Amino acid sequence: MVRTTSLWLLVGLFGYCLLPWFMVEDGFWSFSWIQNFGTGETAPALFQALFQRRISLTPAGIALAASAISLMLFSMPAVRARALITISGIGLLLMVFQGFAPTSFGAVLQPAVVPAQAGFGVGSAVTMIALLFVLTTAVSSLGKGGDAFVVGLIGLIIALVGIFVFFPVGHILIRAFELPDGSYALSGFFARFFSSDIWSLKCVIGAGSCGPAVNSVLLAVMTGAGTTLLGLAFALIFTRTEFRAKRLLRVLTVIPIITPPFVIGLALILMFGRAGAVTEIFADLLGMEKTRWIYGFWGIYLAQMLSFTPIAFLVLIGVVEGISPSMEEASQTLHADRWQTFRRVSLPLMRPGLANAFLLGFIESLADFGNPLVLGGNFNVLSTEIYFAIVGAVADPAKAAILAMALLCLTLCAFVIQRRWIGKRSYTTVTGKADSGQHSALSPAVRTACYATALPWAAFTAIVYGMILFGSFVKLWGYDNSFTLDHYLRAFSIDLSNGIRWTGVAWDSYFTTLTISTIAAPLTALVGLATAYLLVRQNFAGKNAFEFGTMLSFAIPGTVIGVSYIMAFNVPPIELTGTSIILIIVFVFRNMPVGVRGGIAAMSQLDKSFDEASITLGANSFTTVRRVIAPLLGPAMLAALTYSFVRAITSVSAVIFLVSAKHNMATSFIVGRVENGEFGLAIAYSTVLIITMLSAILLLQLLIGQRRLRRQNRLQKSVSSKPRILTLQPAGRNK
Amino acid sequence: MKIKLGVSLAILGLAITSQQALSAEQLNVVCSNEQDWCDLMANAFEGETGIDVAMVRKSTGETLAQVRAEASNPKIDVWWGGTGDPHLIAAAEDLTQPSGADTSQLLGWSVNMSEISGGKTVGIHAGALGIAYNADVLSEKGLAPPVCWKDLADPSYKGEIQVANPNSSGTAYTELATFVQLFGEDEAFRLLAEIGKNINQYTKSGSAPSKAAARGETTISIGFMHDMVKLAKAGFPLKIVSPCEGTGYEVGGVSIIKGAKNIDAAKRWVDFVLSADAQSRGPEVGTYNVPSNSRATVAPESPDLASIKLIDYDFATYGASDTRERLLARWDKEVKPASN
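Protein chains in written order, with our numbering: chain P, 1 to 735; chain Y, 736 to 1075.
Since the hints were made in silico from the structure, they are not lab data. Incorrect hints may have been included.
[Said to hold, decoys possible] If you anchor each label on the Cβ, the simulated ranges turn out as follows:
#1 P:Ser32 - Y:Ala1041: 15 to 25 Å
#2 Y:Lys1068 - P:Gly170: 28 to 38 Å
#3 P:Ile500 - Y:Gly970: 52 to 62 Å
#4 Y:Arg925 - P:Asp197: 17 to 27 Å
[Said to hold, decoys possible] Within a straight-line C-alpha distance of at most 30 Å, the following computed BS3-like cross-link-like pairs (lysine-lysine) qualify:
#5 P:Lys290 - Y:Lys974
#6 P:Lys290 - Y:Lys1002
#7 Y:Lys893 - Y:Lys974
#8 Y:Lys974 - Y:Lys1044
#9 P:Lys290 - Y:Lys1044
#10 Y:Lys1071 - Y:Lys1044
#11 P:Lys202 - Y:Lys968
#12 Y:Lys968 - P:Lys475
#13 Y:Lys876 - Y:Lys1002
#14 Y:Lys885 - Y:Lys932
#15 Y:Lys876 - P:Lys662
#16 P:Lys290 - Y:Lys1071
#17 Y:Lys1002 - P:Lys202
#18 Y:Lys1071 - Y:Lys885
#19 Y:Lys996 - Y:Lys885
#20 P:Lys202 - Y:Lys932
#21 P:Lys290 - Y:Lys993
#22 Y:Lys876 - P:Lys475
#23 Y:Lys996 - P:Lys662
#24 Y:Lys974 - P:Lys475
#25 Y:Lys993 - P:Lys202
#26 Y:Lys885 - Y:Lys1002
#27 Y:Lys893 - P:Lys290
#28 P:Lys662 - Y:Lys974
#29 P:Lys290 - Y:Lys996
[Said to hold, decoys possible] Short, incomplete list of chain Y residues facing chain P, as computed with Cβ under 8 Å:
#30 Asp787
#31 Gly796
#32 Lys876
#33 Leu878
#34 Gly970
Every value quoted in this text rests on a predicted model; they were computed, and no experiment measured them. The beta carbon of each residue, even a glycine, is placed where N, CA and C say it ideally should be.
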């Protein structure tokens, strides 16, 4: 403990004495602060406190010094730890106050003055992190909540989620209590929150349209259930059948997830709209009337099913794969047939996976913005209502905040129900014990059902994407179907006559998008899986609240996140707007829940005896995570990486407020083109993005590879195959 | 791991504070016009002045939301384009500042906008409201083309008309205000409710109905004529009608954000986009609204404001937020429920 603490104290001192405390105007990497070292605003805190009489900067230094002294002074571990906790805790608190000092808390919520003090810089960030770890190390040495690594991780994630989720979201939610005259009160809130404008049930009794909240729930339940079923069918086909075209199927199940928003909606309109291709065919052949059914519930539902089934699939395939064959073999030894085995053993073991898949589908549907925008018709949902409450002709942030709260409540309910349903049973199936059995094949009925649902859907997806590809090569989609490469040339032309010049209109945003998502993806996976590890493997006070906190950012629609980030991070102490950092951070904390859910699902299958064995052999938590848990989490890691990379490229509602002239993102560019009616260019760009992401995913898969739990080729060939001689194998040996 | 984690965090921390170096002459523009028009003007301005333009395209609603959120520490210097109402709102909320631009060459409606806002926003272009119909679908259905606003209430158009929702779209609010000014308030709402029975969808975006009409997703749309001209030029069977009773119009604006960091460059930008040379270039990229500089050349395809019966649109009254809220509340009560 003494060694770790001293190390962190050194880091803190380095930050306090040598790095610029405040944000450097022309950037840290310009190193202008080294040329003018120790002077002006760019000086380290020590210099500012000593020579510029900035008394507000002294507490951090005093905290560091006092920690060092108490480290040397007290020899009793418990006393030392308590002293360190007190000192570093107070130090951190004072630092936060110092950051907010130029603005009072009220003024931060409603910024009115241009503050004189710059935002936190490198020095303060390093010092804060150091103090945080001094605090957590001391807490862990008191024997509460695990070893230094675990407590440090908990502290770090709480700090990060607090700063980048709760702080900005609080900014906007407080608006829900705002009265028209700008003051705040509870009085009007409940009336507005429970108003029938939001919760009306008129459509149930057939007397008009329902409120957006009811519409959203209806849609989300349908989408959650539908995507989970389809995802399960795909996952079963993948792991339990000998379907020949698995690779093709894999591509089809992944493509929707990597499709930029609006594109699926556009394709559906061009197929099923009143003037769509399919509608025309039906009208000609069957004399059916051309209607506008696609604009409304069914259109959004169809688009969401296309978009979100892959998410359910990604969650479920890891779970279905992870179910131990020995359970199924035991069942069959006891003379259960394949259907009974599936129904009574495999399916119940998939519960966490099914629940997680449903929860993700449900929340995705609630927060979905692009599809309702294009296909909504007169069917209003919360996410679009929130967007138009902020950007509409009559901007009403209070209404947006109230709608956002309704959305949050719905998510909270789903979350609670999901936890009830999983219950406290054990779903552990991957143990360290010898486990060399074979997965039972599906019973014919289940197999047929899987094929019957998944394959037509796959074919439908293929047709939709065929339409999209087609659309990028024709002059005017739907009207002038003559072949052209113009759209691609306009977007991605390169002039080689005089060195390489990227003359296409799309290059700027393309490069920015790739850079930002490449940085964001590993960070997201790291934060997500670390959180999952804490949730599954560690017990600490407030775990449920902690879990919900990490899910929060996912439940809030992107529009709200986008606006709240502007409000929170446009002024000191944390000044980020207009940079690429804010885009990276928004992606990390928005997509981290997927890493968390995937990690939880995968990790609850890993027996705790792995950890115990590792700890017994003298490893600490960190080594256990690195050498034992992480290698078994291949698919979850892959899912988290893939998903966050892809989401960073395809998300639109959150970034639309955060992109700046210097850092424009592909989606915001594409939305602009769609608004402008340039479908060809938008779709050509989307196609290039899809291909880019597809290659990135294949590369990731190649790099991370498959988790090898048992010997390969585990599927029973068929019942009538020659009797096999089972040989006893040490666990983990692969064929 | 902790060290690694710390290092990665420290790197993140470093990255947080690193911003790109700012060169001396720079300008941050948010453009609410069409992308190609934005790009063309940015390049032309850079070529003429040597000032580095960083431009992003955002809709007026998004821009206004951002300008409000950034009020204490604006990152934008100039907001150029889009319908005038949000510009007027920004001016009324004191989010923008007078540009001091020379308005002597500008047309009356542009100067008018500058006067209403105390010089904080200046009109750059105008566009008239109109009706468009898809000629193919109309003849397939055997319907007569509409000529006047009142024709739209004809029951034979049931389920064939699309228009935006004035609560979310400035275009549709212009239509609502135009009706009120043309027919008087009570008669206007009666007529709108009547037309409402024929509406198949109130879209969120103002330009969506005409795009839907172009593709045959709806038969008739209400919107701005310059959007329709562009779609017709692209090859869609869209016919444009200038209503017989007369019609209202919008004026697009340019505003300098209050607290702009590059104020001199911002003023040069305003002067530039008001100049006759710059405004004459719209048709190069398919922008067909009417320029505000009297000496700018107008494309032959542009809706000729002189031949359209324009009402004397009262921007001061109908741009004010109390009028707006009253009309919208009435629309929600009387017109919205009439739709099917």
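Comparing the hints with the structure gives:
Between serine 32 (chain P) and alanine 1041 (chain Y) the beta carbons are some 58 Å apart, a value that contradicts the proposed interval 15 to 25 Å. Hint check: lysine 1068 (chain Y) to glycine 170 (chain P), Cβ distance near 35 Å, so the stated range 28 to 38 Å holds. At about 35 Å, the beta-carbon gap between isoleucine 500 (chain P) and glycine 970 (chain Y) misses the expected band of 52 to 62 Å. For arginine 925 (chain Y) paired with aspartate 197 (chain P), a C-beta distance near 25 Å keeps the hint of 17 to 27 Å intact.
With a C-alpha separation of about 22 Å, the suggested pair lysine 290 (chain P) and lysine 974 (chain Y) falls inside the 30 Å cut-off, and the hint holds. A distance of roughly 53 Å separates the Cα atoms of lysine 290 (chain P) and lysine 1002 (chain Y); the hinted pair therefore is violated under the 30 Å criterion. As the CA atoms of lysine 893 (chain Y) and lysine 974 (chain Y) are separated by approximately 19 Å, the hinted pair is consistent with the 30 Å bound. Between lysine 974 (chain Y) and lysine 1044 (chain Y), the direct Cα distance comes to roughly 18 Å. Compliance with the 30 Å bound is thereby established for this hinted pair.
Pair hint lysine 290 (chain P) plus lysine 1044 (chain Y) does not hold up; C-alpha atoms about 36 Å apart against a cutoff of 30 Å. At most 30 Å may separate the alpha-carbon atoms for a hinted pair to count; lysine 1071 (chain Y) and lysine 1044 (chain Y) meet this at roughly 28 Å. For the hint linking lysine 202 (chain P) to lysine 968 (chain Y), the alpha-carbon distance of about 44 Å lies beyond 30 Å, and the restraint is violated. Restraint check: the Cα-Cα separation between lysine 968 (chain Y) and lysine 475 (chain P) comes to about 13 Å, which is no more than 30 Å; the hinted pair holds.
Note on lysine 876 (chain Y) and lysine 1002 (chain Y): the hinted pairing is violated, with a Cα-Cα distance of about 53 Å set against a maximum of 30 Å. Taking the CA atoms of lysine 885 (chain Y) and lysine 932 (chain Y), the gap is about 13 Å. The hint holds against a cut of 30 Å. For the hint linking lysine 876 (chain Y) to lysine 662 (chain P), the alpha-carbon distance of about 50 Å lies beyond 30 Å, and the restraint is violated. Between the alpha carbons of lysine 290 (chain P) and lysine 1071 (chain Y) the distance comes to roughly 25 Å, so the proposed pair stays at or under 30 Å and holds.
Of the pairs offered as hints, the one joining lysine 1002 (chain Y) and lysine 202 (chain P) is violated, with about 54 Å between alpha carbons and a cut-off of 30 Å exceeded. A distance of roughly 18 Å separates the Cα atoms of lysine 1071 (chain Y) and lysine 885 (chain Y); the hinted pair therefore holds under the 30 Å criterion. For the suggested pair lysine 996 (chain Y) and lysine 885 (chain Y), the alpha carbons sit about 50 Å apart, so the restraint of at most 30 Å is broken. A threshold of 30 Å between alpha carbons decides the hint, and for lysine 202 (chain P) with lysine 932 (chain Y) the separation of about 20 Å falls inside it, so the pair holds.
Distance restraint check for lysine 290 (chain P) and lysine 993 (chain Y): the Cα-Cα separation of roughly 52 Å exceeds the 30 Å cut-off, and the hinted pair is therefore not satisfied. This hinted pair checks out: lysine 876 (chain Y) and lysine 475 (chain P) have alpha carbons roughly 27 Å apart, not beyond 30 Å. Straight-line distance between C-alpha atoms of lysine 996 (chain Y) and lysine 662 (chain P) comes to about 16 Å, which keeps the hinted pair within the 30 Å bound. Straight-line distance between C-alpha atoms of lysine 974 (chain Y) and lysine 475 (chain P) comes to about 21 Å, which keeps the hinted pair within the 30 Å bound.
Taken as a hint, the lysine 993 (chain Y) and lysine 202 (chain P) pair is broken in the structure, with Cα atoms around 46 Å apart against an allowance of 30 Å. For the hint pairing lysine 885 (chain Y) with lysine 1002 (chain Y), the CA-to-CA distance comes to about 45 Å; that exceeds 30 Å, so the pair is violated. About 14 Å separates the Cα atoms of lysine 893 (chain Y) and lysine 290 (chain P), which keeps this hinted pair within 30 Å; it holds. Between lysine 662 (chain P) and lysine 974 (chain Y) the CA atoms are separated by roughly 40 Å; this puts the pair beyond 30 Å, and the hint is violated.
Only pairs whose Cα atoms come within 30 Å are accepted, and lysine 290 (chain P) paired with lysine 996 (chain Y) is rejected, the gap being roughly 55 Å. Interface hint status for aspartate 787 (chain Y): violated, as the beta-carbon distance to the closest one in chain P is roughly 10 Å, over 8 Å. Here the hint on glycine 796 (chain Y) is kept, as its CB sits about 3 Å from the closest CB of chain P, short of 8 Å. Evaluation of the lysine 876 (chain Y) hint against chain P yields a violated restraint, the C-beta minimum of about 10 Å exceeding 8 Å.
For leucine 878 (chain Y), the suggested interface contact is broken, since its CB lies about 15 Å from the closest CB of chain P, more than 8 Å. For glycine 970 (chain Y), the interface hint holds, the least distance from its beta-carbon to any beta-carbon of chain P being 5 Å, beneath 8 Å.
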